[in-house]
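2 protein chains.
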Amino acid sequence: MSSVTKGADAPLQREIERFGAQVFKAAGSKTGIKELPLLARQMMSFAMEDPVFRSQLFRLVDVFPTLRTDEEILSHMKEYFEGAQDGGRFAKIAAVGTRYATSSKLSRGITLSLTRKNLEGVAQHFIAGTSPKEISKVLTRYRVEGILGTVDVLGEKTLTEPEAAAYATRVEELAAELEKAASGWESTKLDFDTKGEFPKSSISVKSSALSAHYHPLSASVGIREVVNRFETVLKSFGGDSLIVFLDMEDYETKPLTWEVFSTLVRDPRFMDYHLGLVVQVYLRESLIDLNRFVSLSQERVKMGGTPLWVRVVKGAYFDSELVKAEAEGYQTPTFVHKVDSDYNFERAVDLLLGSIEYIRPTFGSHNVRSISYLHAKASELNVPSSDYEVQMLYGMADDLAKAVAGLGKRVRMYIPMGELIPGMSYLVRRLLENTANEGFLRQGFASRGSYKALLKAPKPTSDYYRPSSSEHQLALDQPYQHLGTLEFHRPHVSAEFGRALQAISSRSKPYFPLTVPYVGGREIDRGAKEVSINPAHPGDVVSEVINATSELVDEAVSAAMAALSDWSRTPIERRAGYLMEAARWMHDRRKEIAALEVLEAGKPWKEADADVVEAIDFCNYYAHEMVRLGKGVGLLSPKGEHNDMFYRPKGVAAVIGPWNFPLAIPTGMTVAALVAGNTVVLKPAEQTPATAKVLVDAFRAVGLPDGVLNFLPGPGEEVGAHLVRHKDVAVVAFTGSRSVGLEIIETASKWQKGQVHIKKVIAELGGKDAIIVDSDADLDQVVPGVIYSAFGFSGQKCSACSRLIVLRSSAEQVISRVIGAMDTLLVGDPQRPETDMGPLIDYASQQRLKYYSDMAQSQGEVATAKLAIPDEGYYVLPSVALELPKESPVLTEEIFGPLLAVEIAEDLEEAVWLANSTDYALTAGLFSRSPQNIEFIKNELLAGNIYINRHITGAVPGRHPFGGFKMSGIGSKSGGPDYLFQFLDPYVISENTVRQGFTPDIVN
Amino acid sequence: MSSVTKGADAPLQREIERFGAQVFKAAGSKTGIKELPLLARQMMSFAMEDPVFRSQLFRLVDVFPTLRTDEEILSHMKEYFEGAQDGGRFAKIAAVGTRYATSSKLSRGITLSLTRKNLEGVAQHFIAGTSPKEISKVLTRYRVEGILGTVDVLGEKTLTEPEAAAYATRVEELAAELEKAASGWESTKLDFDTKGEFPKSSISVKSSALSAHYHPLSASVGIREVVNRFETVLKSFGGDSLIVFLDMEDYETKPLTWEVFSTLVRDPRFMDYHLGLVVQVYLRESLIDLNRFVSLSQERVKMGGTPLWVRVVKGAYFDSELVKAEAEGYQTPTFVHKVDSDYNFERAVDLLLGSIEYIRPTFGSHNVRSISYLHAKASELNVPSSDYEVQMLYGMADDLAKAVAGLGKRVRMYIPMGELIPGMSYLVRRLLENTANEGFLRQGFASRGSYKALLKAPKPTSDYYRPSSSEHQLALDQPYQHLGTLEFHRPHVSAEFGRALQAISSRSKPYFPLTVPYVGGREIDRGAKEVSINPAHPGDVVSEVINATSELVDEAVSAAMAALSDWSRTPIERRAGYLMEAARWMHDRRKEIAALEVLEAGKPWKEADADVVEAIDFCNYYAHEMVRLGKGVGLLSPKGEHNDMFYRPKGVAAVIGPWNFPLAIPTGMTVAALVAGNTVVLKPAEQTPATAKVLVDAFRAVGLPDGVLNFLPGPGEEVGAHLVRHKDVAVVAFTGSRSVGLEIIETASKWQKGQVHIKKVIAELGGKDAIIVDSDADLDQVVPGVIYSAFGFSGQKCSACSRLIVLRSSAEQVISRVIGAMDTLLVGDPQRPETDMGPLIDYASQQRLKYYSDMAQSQGEVATAKLAIPDEGYYVLPSVALELPKESPVLTEEIFGPLLAVEIAEDLEEAVWLANSTDYALTAGLFSRSPQNIEFIKNELLAGNIYINRHITGAVPGRHPFGGFKMSGIGSKSGGPDYLFQFLDPYVISENTVRQGFTPDIVN
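Chains as they are written, first to last, in UniProt numbering: chain A, 1 to 1004; chain B, 1 to 1004.
Same shape as in the complex, but just chain A:
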C-alpha cells in the first residue's frame, strides 16, 4: 500500500488535479440530482436542507408502492407532512395542498394523480425499465454513446421457495434477451482489453434472491441452493455471452457469497465464463478480501480459466450494518467515517492495479477524486485504460459518466430493472446517496464545492487504524450495554460452537452428574435421584441431580436467613461486583453454556446463545441499576432539613424459574434479589437443572459467601410449594404458568405464624400474543418478523406470537407469504447449526400441541409445513390455523408451541379489539407505516411490550423491560428501571439540621 507523503506523491496529485478538472469541466454542473425532473429536483434540494423533511419524504417513498387507494396515499401524506415545518413545501412541490386536497373531491383527485406521477417519475429516473426488452433498448442506446452496462434484477426479499425460483427464472429470461441483443452489436475497442475480447453485455445477480436459506447458520443449505440455481442460469447461456457479477450484500452473508463464488469459479464447467465478484471497501477487512480475490483469480488463470472480474465499491448498506451491529452488539464491520472508505478505495486501487496481470478490475464510484486517482495511479503504473473500468449507477450522474467516457475511460452503467414495489428500496438508497451530507454528488455538484478541495487526497481518521477488538466491557465503571450475541457469520465462531457441542456429547452419560442441592455452601449428595434428558434424543440423559425435600427447604431458608445479616450490609458496589464477576465467568464460558442449553432445552444455536447473553446482560444491568439506586433518591428538602430516600433488601427471596429460558430467567430473578441485598433460595425447572446450576457455579467461582445463594432442584409441588409457604421467605419471584402462578400468589398471601413481613410476589405468567399487520405494512419486514416471533424456539416463549391478525385487504398476500416462509423452516436436531426449529421440551408439550392442532383442524383449517421431521424426539411441525370461530380456545388459550392462529379484521380498530380479546396482556406487535395508526395502537393495544415493525420476542434488558399485565403477571418489568424496587423496601431519612440559633445550610 502506498502512503500519502507529500513529496513522493506530488506528481500523482498533480495528475489527479489535471484529470479531475477535465472531468468536472466536461460533466458540467448538471450531474447528480440536477438531472432529475424539475419537481423532483426541487424536492431533493429541500430534503438536503431539512433532515426531518428528508426522513419523512423517504418514508413516503418507501411506503408508496403498497398504498392501494387514493385515500391511503392522502392519509399517509397528511400523517407524514401535516404539522411538519416543511409540509407546505412538499405540498407545493408535489402540487398537494393537503388541506386544499381534502377540501374538494376534484382537486384532491388532481393532486393525487400529480403526486403519483411525480413519484413515479422519480422512480423511472433511477430504474431503467420493467422488462428485459426495455432494458436491452437502454443498453443499446448507451452503447451508441460509448458506454457499457450491467443489468441488475430488482426483487422483493426472498422469503419462500417459489420466490427464489421465480427470481432465477427472471434472471434467465434477462440473460437470454441480453445474449440476443448483444449478438446484434458490433465489437468495438470497448469490448477488448490487453487480455483479449470479453462479453459485450453483463448482468449483476444477488445471491440472497436465489434462496430463502441464505443466512449464516443455514449456510450449508443456502449455498447449495444458490449454487444449484446459478449453475442452471450459467448453463442457459455461453461463457462468452455475458459477464456475471455476484453482488455483495450485507456483511453477514459475505462468507456465503465468497463460498458460492469460489465454488463456481473452480468448477471446470465454467472455466471460460466471465465471472465477477464485488468487494465493498467500506468493510474494514476488504483489503484482505482483495488479496484473497487476486489469489483466487491467479489460481484460476493457472488452471486455464478466464481472469476473474472484480467490482470495487464503497458499499451501500452502511445504515443497516450499523443498526444490526448495534442491535446485536456485534463489532461494526464497516468504517464509520466516509473519508476512511474513500481512503481505503484508493488502497484497493493500488492493490488491484498492482496485480493487473491476473484480474479484470472495475471500480464503482461517482467521486471525481476517486476516479481521477484511479486514472493517475494507472498512468503511474503504466496500466492502459482498456484494462480497468469505471462503473456508475443509472440515473445518478449520466453527464459524469459521459465525461469520463469522453476522456478515454471504459465506463459501465449499473442498470436496475424491475417493478415499483421492489424498486422503492433501491430508489430510497439512491435518493439517500444523492442527498447525504457526506456524499460526493452533493458536495461536488449540488453544493458546488471548489474543484481543488474536492480533489484533495482523503486523509484517514485514527479509526482507520484502530485494531478490531471484540472485547465487551463487562465493568461497573462502564455504562451498561447489551452483550453482543455470537457472530455466527464469522466462520471460526461457528466452528468453535460446534466443538463445544462435540465436547459435551463425547462425554459419558449423564453428561452432567451434579452434586446438588447446594445449601449454605454445602453440596447434598444423598437422596432420590432425578434426571434431565435431551428432548431431541429422549434416551440421552443430560444431567442427574438429587431431589430436594421439604426438610431441605427449611435448611436452605435457614442458611439464607443466617447469611442475610452480613450480605445485606455488604456495600452495594461490592455486591454489584459479584454480579459483574459472575457475568465475566459466564462470558468466558459462553459457548460451553449455550451448548449445554442446546442439549438440555433443545434450543437452536442462536437461541441458546441469546439465553446466555441475556443472563450476562441481567447481571450487568442489575448491578448498574443497584449502584444507581444506592445513591438514593433526592426529595424536596426545605431549608434546615435534608430528606433522602434509600432502599433496603426485603430478606430471603425464593426464586422459581422456568425451563424455556433456563439460564437467563433464573439469573435475572436471582441476581436482582442478590444485588439488592437479599439472599436467595433458587428452585430451577425440573427439565433444566444443569443449565440453571451454571448460575450457581458462576457465583461459587467468584466467591459468593456461603448461604447467600442456595439451589434446590426438585418437584414444584413439594419444593416450590413449601418454599412459598415458608414464614421467613419475604419475596417470591416466579416465572411460569398461570395456574402455578395463581396458586403461589394465594399461598404467599396467607400470613404464617412468626412471619414478620408481608410477602411480595413477582409473577411473570403467560401470554397469548398477537401481531397485527396493517394494510400498508412492508411484507418484507412482516413475514420474517412473524415467522421468527411465532416459530422461534418452536413458539415456546411467553412472548411468542400465537395470533396473527391481518386486515382483509391484504390478508391473502400476507397469509400466503407467511405460509410459504413457514415451509422453508428447517426442523431438526438443534445440534445442527442450520436448524430453525428443534423439538418441544417434553412429551406433554408434544401432546398438548397435538390436542390444539386437532381442535384447530376440527374448528377451522390448518396449514402445516410440508417437511419431514425426525422419528425420535418431541417434534411437532410448525403450522398455521385459519378460519377459526371467534370463541375457539385456539385463539384464547396459551398453547406454547409452533401453532399460529390467523384472524382477519375489517379494519385496524377491529384488529386491536381482537388482539385485546384475551385474558393476557404480555407482548403484541404491529406492522404499519402509518404514523397515525402507530399512535393509535400505542394507546389502545393492551400489552406489556408493544413492538412496532419488528419481531415481538427477544427483549433485551435495558432496552425492552419485559413483562405484562392482566393475567400475564404482576410486578414490574424485568430488565427495566423499576424492577429492583420489588426486592427492596424504600425508607426515608429526614434530618433536621437546624441547631440552636443557626442552620448550617443557610449561608449568611
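Since the hints were derived computationally from the structure, they do not count as laboratory data.
Please note that a few of the clues may not be correct.
Listed next, the stretches of chain A that the computed footprint assigns to chain B, with coverage defined by at least 3 CB atoms under 8 Å from CB atoms of chain B [to be verified]:
no., segment
1, 322-334
2, 743-750
The calculated EDC-like cross-link candidates involving lysine to aspartate or glutamate, where the alpha carbons are at most 16 Å apart (straight line), are [said to hold, decoys possible]:
no., chain 1, residue 1, chain 2, residue 2
3, A, Lys938, B, Asp644
4, A, Lys750, B, Glu746
5, B, Lys750, A, Glu746
6, B, Lys727, B, Glu555
7, A, Lys235, A, Asp191
8, B, Lys753, A, Asp919
Yeah, the Cβ is synthetic: ideal placement off N, Cα and C, and Gly gets one too.
With chain A held as given, fit chain B onto it using these hints.
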C-alpha cells in the same frame, strides 16, 4: 417616612459621614472579633474563610456543653473535623491534632483541656457572668466608663412548669441584686433625659421563659401565666428601680408578647414602672408595630404613666424564621435581604424620633452607618442626645461602644448572665453575627472596608416593597410545593377558625345529614341509617349516612367499570387538572373542612388543619407526579429503534380509608388512583364519613364525570370485604389495622371467576415507633419532639412515638423533663384553640388504652399527667410507662393512644436493637449530634421513615414519602416518587424505525 433623594438628603449624608468617620477613628481597628482572645480570633477568621469549617465549628460549640467526658469531646471533634479540609487548621488552633491526640494518652489530655479552656474562654467573652453578683460588678465597671447596662438571664427552653417558675425566681434575684447595686451609684447625666430621671439599671426578660404554654393556640393560657409571673417580679421592686425590657422572640409569639406588654402597661399598679418593648425591624410589619407602640405610650402618658421604652433591633432569629416559614409553608415574616432591614431600621429611626415626646427610644446596632444615621437624624430634628440611646451587645464591640459614648451618646450594653449550656445557643448566635458575610462587624472591622462605602445609605431591594400575599400557587405549571398550614399566630386566622367551628355547632343536629352512598353520579337515599358522633360530646351527632350493602358494592363497581373506558383515555393533563381544581376547592373551604374534623374526629385545630393541608398536598403532588410519569421513561435505544416505557391505569381501585386522617389518607389513595386513570370506589371509615365525603363534594364540584369516583359508607365486614373480593376490582388501597390488612391481602389474592388481572394490594398498617435519645442530644429539641410525637392527636397516628429509648447516662434527665412537659399538656375539648390533646376516637379506644395502662401499671410503673379531664367524651390522660419487662405487650403491640413506654439502653447499639425488636417498621427517630451515630442508625434502624433531631410524625408529601415495611405494610411510600407505580401497569413501546435501505435517525 423620609425618602432617600440625593438633593434633599445631602446635608444629612454629610453629617452621617462626618460623625461616622469620628466613630471609626475613635473605635480603632480592634472592634469586633479583634477583641477576642488570640486563638479564638484565629478560629473566627478561619470560619469566615471557609463556610464548611464555620458550620462544623458552630456544631461543636452547640454540642459542647452536653459532652460529659473527654472521650465524648474527642469523638465529636473527630467526627466534625476529620477529613474536612480545615480539620488540620482547627487542630492547630485549638491545639488539637486529632491524630496526635488519639495516639497518646498524655497529649490527648493536654489537647482536650486546652480545647475546653479555649471554648470556655470564647464563651466568657460574650457572657458576663453566672451570678447576679458577678454581673453587678460588670455593670459598675461599665458605669465608670460612662456606659449603662441591661441584663438578660439566659435559660434553657422552658418546657415544664418548674422550669418557668425557676426562671422567674432567677429574674427576681437578679432584680434584687441590681436594685441593691444601683442604690450605691451616684446619679449622673447618664440617668436623665428631657423627660426626667430614669432608673439606673435595667433587665431584659424573655416572656417565653416564664411559661410552658407560650404558643399561639394556647395563647390565653400562656399569656395568663406570663402576666402573673411578671406581676410578681415587678412587685418585687420599685417602679423607679429598674427599666424592664420585654425581649421579642420568634414571630409566632409576637402577638402574645404584645398582649403581655399591653396588659402590664395598662395596669394601674405599674403606671410608674419603666417598661420597654423590643421591635425587630427585620419584620415586614415592624413599622406598623412601631406606630402601635407610639399610640400605646401616648395613651399611657395621657393616663399619667411613664413614657414607654422601646428597643429597635434588626432581629436575631433570621435563620429559624426562614426555616419555620419554609417548613410550614408560611409567608416569610422577615425581609430576606439584610440591606432591607438596614433600610427599615432608618425608617424606624425616622418614625420614633418624630414621636419623641411620648416615648423613650433605644436603638440596638453595631452598624456605624445605622448609629450615625440616628445621630444625624436626631440633629436634623433637634432631638437631644439625652433623649435616645444606643444599645450594643456585651463582648461584641466594646471599643465601638466606648467610641460612641465618647462622642456624647448614651450607650447601654446588653449583658447576658448564665451558665454554659443555656449560653451556648446565645454564643453561637453571636459568633454567627461576627462571621456573617453580610454582617457589619465583619465588613466594617474584620475586612477593613472603606469608611465612605460603609457609610453609604442602604438601598432597599424591590423585595422591600413587595406586597405580602398568602396566595399559594395551586397550579400544574408551577412546581409542586407544600401548602402552608394555617398561621394561627395571626389573630385573624384563629378568629376565623373559631367562627367556622361556631357555624357548624350552631346548626341543628345531625350537623351533616348526608345523601350518600354516591354511585355512578347518583345519590342513594334509602336504606339503613348510621351516624357519626363527636368524640368529645358523644351525644352530638355529627353526620348521618345510609349504609351501603353488598348489592350497592356491585353497582358501584359496575359504575366504575363503565366509567373506566373514557376516564382512562382522558389526557393526563386533564386528569391532573381535576385534582388541582379539587385541591383549590378544598383550599377555599379549608377552615370549614378542618372545623368539621375537629368535631367528627376530635382533632385539635392544628391537627385538623394539617389533615386538610395534606389532602391538598396529595392532590397537588400526585397531579404533578402523573404529569411527570406521563412523559414516559427513556430506555436504551440502539440506532434504528425507539424504546420508551409508559404507564397505564390498572382499572377499578377500591380505597378503604381510616378515621385518624379522615380526609388526607382517603384523598391520597383516591387521587393517586384517579390521576393514574383508574376509577374508584371509596369506602370511608365508619367514624368519619362526613369528612371523607368532602373529597366527593370537591370532585363533584369540579365536574368529575359520573362513575369515576363512587362513595360507599358502611361496615367494613360487609362493604369492605365484598369490595375486596369483587372480580373487577384491580387495586385495593387500604390504610388501617394490621388484622384487617392481612385479611384484605389474603382475600384479594384469591382469583375469582371472570377476573382478568391479578389484584394489587397497597396496605399501610400499624407501627410501634421508637425514638432513641443519644447521650449528646439537645434536650431542648428532644423534649418537645418526643411530646409532640407521642401525644399529638392523643397518639392516634400510626407514626406516633410509643416507645422512648434513652441511654442510661442521660436517662434521668430526659425522663424527668419529658414527664414534666407531659404535665403541661392541655387536655380538653378540641374545639378550644389551646387544647393539646382531645378525646380518643371512641369508647373501644378508651377501653383499649385502659387495658394497656393497667397492664403497664401491673408490670412496671406509670406516670400519668396530673390533670383534670372532662367527664364527658372518650378522654384518657397522657402517661409514661417505665420499668417494663422486655417482653411486655406494652412494648411490642400497637396501642394507638397517649401511652409512651420508656426503655433504657446501655449504649446506642442496644438502643437500636431494642427499637428494631418489634414486628413493625414504620417510623423511628433519633436525637443525636454525633455524625457517626447518625450514620450508624441510618443503616441499622429498621423503619420506613427515620427522623433525626425532630418529631417523627407529620410527613409532608414530596418531602417525607411515608410508609413502612415488615408488618407495617406493603407497597411504596405515599407522597413519594414511587407511589403512583402501584396504580399503573408499565408498558414498553419498541419501534423499529429502520426502513428498507435507510434509518431515519442516522444522519449521513
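Quick rundown of the hints versus the structure:
1. 322-334: Answer holds; 4 residues pass the 8 Å Cβ test.
2. 743-750: holds (count 5)
3. Lys938(A) - Asp644(B): holds, 11 Å
4. Lys750(A) - Glu746(B): holds, 6 Å
5. Lys750(B) - Glu746(A): Answer holds: Lys750(B) to Glu746(A) is near 6 Å, not above 16 Å.
6. Lys727(B) - Glu555(B): Holds, at about 13 Å.
7. Lys235(A) - Asp191(A): violated, 22 Å
8. Lys753(B) - Asp919(A): At roughly 12 Å apart (the allowed maximum being 16 Å), Asp919(A) and Lys753(B) satisfy the hint.
Of the numbered hints given earlier, the model fails hint 7 alone.
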